[in-house]
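Line order of the protein sequences matches chains Y and F.
Quick note: the first sequence uses our numbering, first residue 1, plus one each step.
Quick note: the second sequence uses our numbering, first residue 1, plus one each step.
Among these hints, one or two may not hold up.
Which copy? The list can't say, so a pair holds if one copy fits it or any two copies do.
What the hints assert, rightly or not - List of simulated lysine to any residue pairs, SDA-like, C-alpha gap at most 25 Å: (1) 110 / 270; (2) 90 / 29; (3) 311 / 265; (4) 109 / 313; (5) 110 / 295; (6) 70 / 136; (7) 109 / 314; (8) 109 / 261.
Bear in mind the hints are in silico, worked out from the structure with no lab data behind them.
Protein chains: 2
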Amino acid sequence: MKLPAAVDVIDAYQRIKALVHQTPVLTSRSINEICGAEIYFKCENLQKVGAFKYRGATNAVLLLDEDIRKNGVATHSSGNHAAALALAAKINGIAAYIVMPENAPEIKKKAVAGYGAQITFCQPTLEARESTLEEVVRKTGATLIHPYNQWEVVCGQGTASLELLQQQRNLDIIMTPVGGGGLLSGTATYVKQQFPDVKIIAGEPAKADDAYQSFKSGVFQPVVNPDTIADGLRTSLGSLTFEIIKDKVDDIITVGEGSIKDAMRMIWERMKIIIEPSSAVPLSVVLENKESFKGKKIGVVLTGGNVDLGKLPF
Amino acid sequence: MKLPAAVDVIDAYQRIKALVHQTPVLTSRSINEICGAEIYFKCENLQKVGAFKYRGATNAVLLLDEDIRKNGVATHSSGNHAAALALAAKINGIAAYIVMPENAPEIKKKAVAGYGAQITFCQPTLEARESTLEEVVRKTGATLIHPYNQWEVVCGQGTASLELLQQQRNLDIIMTPVGGGGLLSGTATYVKQQFPDVKIIAGEPAKADDAYQSFKSGVFQPVVNPDTIADGLRTSLGSLTFEIIKDKVDDIITVGEGSIKDAMRMIWERMKIIIEPSSAVPLSVVLENKESFKGKKIGVVLTGGNVDLGKLPF
Chain Y
1 MKLPAAVDVI
11 DAYQRIKALV
21 HQTPVLTSRS
31 INEICGAEIY
41 FKCENLQKVG
51 AFKYRGATNA
61 VLLLDEDIRK
71 NGVATHSSGN
81 HAAALALAAK
91 INGIAAYIVM
101 PENAPEIKKK
111 AVAGYGAQIT
121 FCQPTLEARE
131 STLEEVVRKT
141 GATLIHPYNQ
151 WEVVCGQGTA
161 SLELLQQQRN
171 LDIIMTPVGG
181 GGLLSGTATY
191 VKQQFPDVKI
201 IAGEPAKADD
211 AYQSFKSGVF
221 QPVVNPDTIA
231 DGLRTSLGSL
241 TFEIIKDKVD
251 DIITVGEGSI
261 KDAMRMIWER
271 MKIIIEPSSA
281 VPLSVVLENK
291 ESFKGKKIGV
301 VLTGGNVDLG
311 KLPF
Chain F
1 MKLPAAVDVI
11 DAYQRIKALV
21 HQTPVLTSRS
31 INEICGAEIY
41 FKCENLQKVG
51 AFKYRGATNA
61 VLLLDEDIRK
71 NGVATHSSGN
81 HAAALALAAK
91 INGIAAYIVM
101 PENAPEIKKK
111 AVAGYGAQIT
121 FCQPTLEARE
131 STLEEVVRKT
141 GATLIHPYNQ
151 WEVVCGQGTA
161 SLELLQQQRN
171 LDIIMTPVGG
181 GGLLSGTATY
191 VKQQFPDVKI
201 IAGEPAKADD
211 AYQSFKSGVF
221 QPVVNPDTIA
231 DGLRTSLGSL
241 TFEIIKDKVD
251 DIITVGEGSI
261 KDAMRMIWER
271 MKIIIEPSSA
281 VPLSVVLENK
291 ESFKGKKIGV
301 VLTGGNVDLG
311 KLPF
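The shape of chain Y in the complex, shown without the other chains (with noise of 0.2 Å):
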């Protein structure tokens, strides 16, 4: 299996740069008095369609040929690569076909829609979206554009923590949240090998804990319909991914629901900016484990800020 090279992430960069937002990174004094911590969060929630999504869906697109580009893209998607690749598709004047689980957030269907996305539902579970995806490429002649488990996918995300590093050098530590794994192994690739000094440390619901498991182990291990709030990490690792994680990521720490509620709530109250719960994760782990973040200077990943306004978990 070929596995991308931090040049890749950086090739993604230039290509993907003057199509992206280049996201604020904010800092909160009482927040880093809480943690005993310096924390720079990348505001991503802040990336077009609210999530970092958008740089992996983008740089793919790009990457496409002409002639098979104009058959459309497709992938399945509980929401944000979703709406990703559905923006990605219309600003590059193409089609776009989306396989989403019929429980994904309203606000997450409704972008996709008003994307001019063309959305299947289907059972929200792991197979059913892969089995409702491949219908839609054979009708269609799309092309599969996968939520994480691509390497031009991952590369995309990996510019999130490449802008970063240039807005803030001398980090200690990266954190992401670990769902499918394409924002971590994106992340990892491109800092391992360009500030190896920087550690990567993915959080993941204890409730979703499959990245956790395999990394553990070095077996993969997928999660069958896991039940957390942070539904943007309710997906399994990939090989790809797996591959890539297993390989460069220094840890992977688990954390509860009601501290990842709290995690959010706190940012929402103190920074004033809308994080999706998935979002909270990395400083959920922060919170819960002090003493080995100490006088630590961390960048955490925002990754996204699509809620429904009238389900809020306070």
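Model the placement of chain F on the given structure of chain Y, informed by the hints.
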């Protein structure tokens, strides 16, 4: 009455620069499409204490002589200026005495208490605030720092637009909401002298339209206990701020409560940032008057992000 000049805002910026956040300027493709204009949002909701008020309070505290400063500072405020002054005082190692109306939002009361200020509650009228404050100042010897009608405060607030115009040149218009007029008069002071081609337009809730009435008639007309969702804009102009606004502001436009709520929700949903209702007033003005703003490059100061998450208007 000695009015501040642009150079005083520039001096204030040099003074406070290291102590305030340089807040980001964000844009939203979808809001621009809806408005038919290019809007650059200066995110003072992401300022320390979650509001631009930290700029003016910091400038005022730094300008106090050493021997006066030691007795502390005092003010009345529905919240953001109170939190701002409390933090500015704390950081400079002096006491803050705050008079707050008893109906101020919980989150604002908690924030002020959290910064170690001594709070005295009063009836929610301008008269009660002023008499209570007089009493507090008499007892403590603290220096009054007015929430808006004070030279140093006006100069500090003007620095938000100074920064905005460094981050985004070539604006046609800068818009702010208007309550007591500190931000609006500071903005106009700086911009009209340094960038005379940039128009200054304020938005105001129709239910608290004292600035509109005063501006249109040329005669100061305070409102009494106005009832608008935009809790930061319930105050009336002061003598200093009215003098500046009368002279330097191009227009003041009023909007209804429903329109403010809609604009607030639009910013939450599309931009993933938390703003309080007051911050939504300028966007509400644009949405209600699309023809007048068509094709314009508009800077909008988002003034604050302090809301009770348990009491959202949507």
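Non-conforming hints, listed in increasing numerical order: 5
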